[in-house]
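J.: Listed here are the chains, written in short residue letters.
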Amino acid sequence: MIKTYRTITAGLFLVVNCLAAANADHTPLDTEAMLDPAPAEMGSTADHSKFEQLEGPFEDATEVTAACLECHTEAAKQVHSSIHWHYEFQQPETEQDLGKKNVINNLCFGIAGNYQRCSSCHVGYGWEDHEFDFTAEEQVDCLVCHDTTGSYVKFPTSAGHPPYEDREFHGETIAAPDLAEVAQNVGPSSRETCGTCHFEGGGGDAVKHGDLDSSLIDPPYELDVHMSPEGADFTCSTCHTFSGHIQLGSRYKITMPEDERPVAADPHQKPACEACHGSEPHDSGIHDKLNQHSEFIACETCHVPEVARGGKPTRTLWDWSESGRMDDDGDPVVETEDGVPVYDGRKGRFEWREDYAPEYHWFDGNMHYTLLDDEIDPTETVTINRPMGDHDTPGAKIWPFTSMKGRQPYDKEHKTLLTAHLFGDEPSAYWQSYDWSEALAAGMEEAQKIGQTEKDFSGEYGFVDSIMHWPVAHMIAPAEDSLSCQSCHEPDGRMAGLEGLYVPGQDSHPRIERIGWWAIGLTLLAVLGHGSARYLLYRHKRSKQENSQEEAA
Amino acid sequence: MSNNDPSTRPKRIFSPFEIFWHWAQTLLIFGLLFTGLEMSGLFTLTGFESAFATHITLAWMLIGLWILAIFWHVTTGEWRNYMPTGQGLMSMLAYYAYGIFSGESKPYAKTAASKHNPLQRLAYFFFKAAIAPALWISGLLLLFYNLWRETLLGELLPLAAPAAVHVGAALALMVFLIVHIYLASTTGNPWYAHLRAMVTGYSNEHSTDSAEK
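From first to last, the protein sequence lines are chains A and B.
One gets the numbering used here by counting positions in the first sequence from 1 and adding 664 to each.
One gets the numbering used here by counting positions in the second sequence from 1 and adding 840 to each.
The hints are simulated quantities; they were obtained by calculation from the structure and are not laboratory data.
Note that this is a predicted model, so its numbers are computed, not measured.
Honestly, I wouldn't trust all of these hints.
[Stated by the list, open to error] Sample of chain B residues facing chain A (criterion: CB under 10 Å; computed from the structure):
hint	residue
1	850
2	858
3	878
4	893
5	897
6	914
7	918
8	922
9	924
10	927
11	928
12	1005
13	1012
14	1021
15	1031
16	1032
[Claimed, not checked] If you want the footprint, here are the derived chain A segments under chain B, 3+ residues with CB under 8 Å:
hint	stretch
17	776 to 790
18	1189 to 1202
Every residue, glycine too, gets a C-beta built ideally from N, C-alpha and C.
Please put together the full structure from these sequences, using the hints given.
T.: What follows is the structure in structure tokens.
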């Protein structure tokens, strides 16, 4: 039977291939015509090394900014209106006040009380406490985005300042950049400059995002067809286009194009794939099923087959409840496995994963957050950010996500999440005294000061399981490596458990199939019985005939 | 026996078109069954993608063949062969249940004008009027899901519904095929006579009662 099938299939393959194989091909895009010219070819009209203002020497990075602003008079004001500066985002659908100033996470909880450490990823200098002046123009950090030398770094605990002399951090020497040289060599942002913060989310390379890590600085084609120099050689801002220092794209409200404009680098739809690829990117072939899928399945779902593919594991669990173990010298215990820490006395227990299948949820682009004021049910896992939308929400699609599981402090009396003062010299900082009560009280006090909550810490804390969801949108694999149909259309396929979905090949009709196969079995039995009875009667008759013939003879 | 006897001379029953139609349909239906069963997850041979592409290609080919066949049946009047009749149905049933064992001759012989016994007529009518339309309608609904997903029909009908009909009808088709293959290829005289008639177009069967029209 199998052989017969193979022959039939092989015979049909020619036909099918001619008609359908084109599905696997990628619609060729004239990227050169669509994209902004590459920076090198653009040929800036200004040679920054010729500006007197940038000769230095600079004592302080804010002096560089002041020099920049002499010509770029509006730049700081533009940056001031960007989320990169004010860390605030008003979600129009949920009406929640989000942004890093307001949200809570299950990594280091939040910015309140941890400014000096957290603001090493702020496009500014000196956000040391709640009194930071968000209108100060010279506090804007131009260099962190516009450095082209690769030598500019912000010291991890200096509230956004670079080191002004070579300094140690966790046993690593961080060299002080030559600010004048950096200033004289400014240019457009690059994969490196954006990556300084966005690849290092959660405190280290690949920790927070399974689809964003330093492997994207010079990615091979197999990792990311767009960002690879062997591919389209995109920088981050090719898709996350900036205009007046405001970029497109947000994890609080994802761009979900709904209209059906054809292929055209449409800035209104960026950074969504559809901006360049249109809404029907696949050759229709004989059945056009791939384009039909894209009506309710995000491009990333098939085109990011696995996450953390760049050789760097991403963190999938952070359990703070186990933190605080010290060795005999009183230093935090650190345990590593396969080169990554699985326990750190300062932070608790970690799990990591590499090269794994994301999970899938319906998503209409809007994220709903559990904020410090929101009541939680401590007997359940707290969903810190919930992708909104369901199978019947207009425009919702199935998206890939990575998830970070956490176990983090909550207020037993108020039934709310808590934020802790982790970093700092004060004894109340958790990493000084390892006293949660002190650290949580201090953290919540700071949270009040920036308007994150009005609630006090009751003094009663426990640890609650939590989960965060990160939509996957980067590390687009070559077309031939995207998910096969089989990945979902098989028993226990990738979409298993997803509500509001019927997946042929995965979902069955147990009752109909049981009745059907029974009917087939019984019919076969009946036919076999009928046939055998006929054959036996025929044999019987033959032998009787032969006997009578013999007798006659 | 000599072929000079007009009652035993081979008679043309099936036209070349019918022979072509029958066997082309056989190939396509078996191809559809195998690819369909693979897609349903029963086994994995070539993977879902190629099974699906093959399935759809075969389906379009079968639709084309059916359009041709319907045209042929309508213009030639051969469609009458598929109209069910109650007459002689019981004697056919009695024959398969009893007479066939005791060596009685079949209460029916095919002729060019009436090719199917009453039981066949009923079975083929059921296939053409129930199983096949169920497969076509549900199959086309599945294929063009995107066209009705966001309409009123999409609200009333979950995708699982046409899928269930498609699977159910395919299983019913398998029941039909088992009985059809058994009866059509082993119950002639000699036992392979019907099969031979479907290949050559000619039948040696001769009528022994008044069923011949």
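J.: All the hints need checking, so say for each whether the structure fits it.
T.: So, going through the hints one by one against the coordinates:
1. 850: This hint is violated: residue 850 of chain B lies away from chain A, its Cβ roughly 24 Å from the closest one there, beyond 10 Å.
2. 858: violated, 22 Å
3. 878: holds, 8 Å
4. 893: holds, 4 Å
5. 897: holds, 5 Å
6. 914: violated, 28 Å
7. 918: Hint violated; residue 918 of chain B Cβ to chain A Cβ min 28 Å, cut 10 Å.
8. 922: Not OK, violated: residue 922 of chain B not within 10 Å of chain A, min 22 Å.
9. 924: violated, 21 Å
10. 927: Where the cut-off is 10 Å and the nearest Cβ of chain A is about 24 Å from residue 927 of chain B, the hint is violated.
11. 928: violated, 20 Å
12. 1005: holds, 9 Å
13. 1012: holds, 7 Å
14. 1021: For residue 1021 of chain B, the interface hint holds, since the closest Cβ of chain A sits about 9 Å away, which is under 10 Å.
15. 1031: holds, 9 Å
16. 1032: violated, 13 Å
17. 776 to 790: violated (count 0)
18. 1189 to 1202: holds (count 6)
When held up to the earlier numbered hints, the structure conflicts with 1, 2, 6, 7, 8, 9, 10, 11, 16, 17 and fits the remainder.
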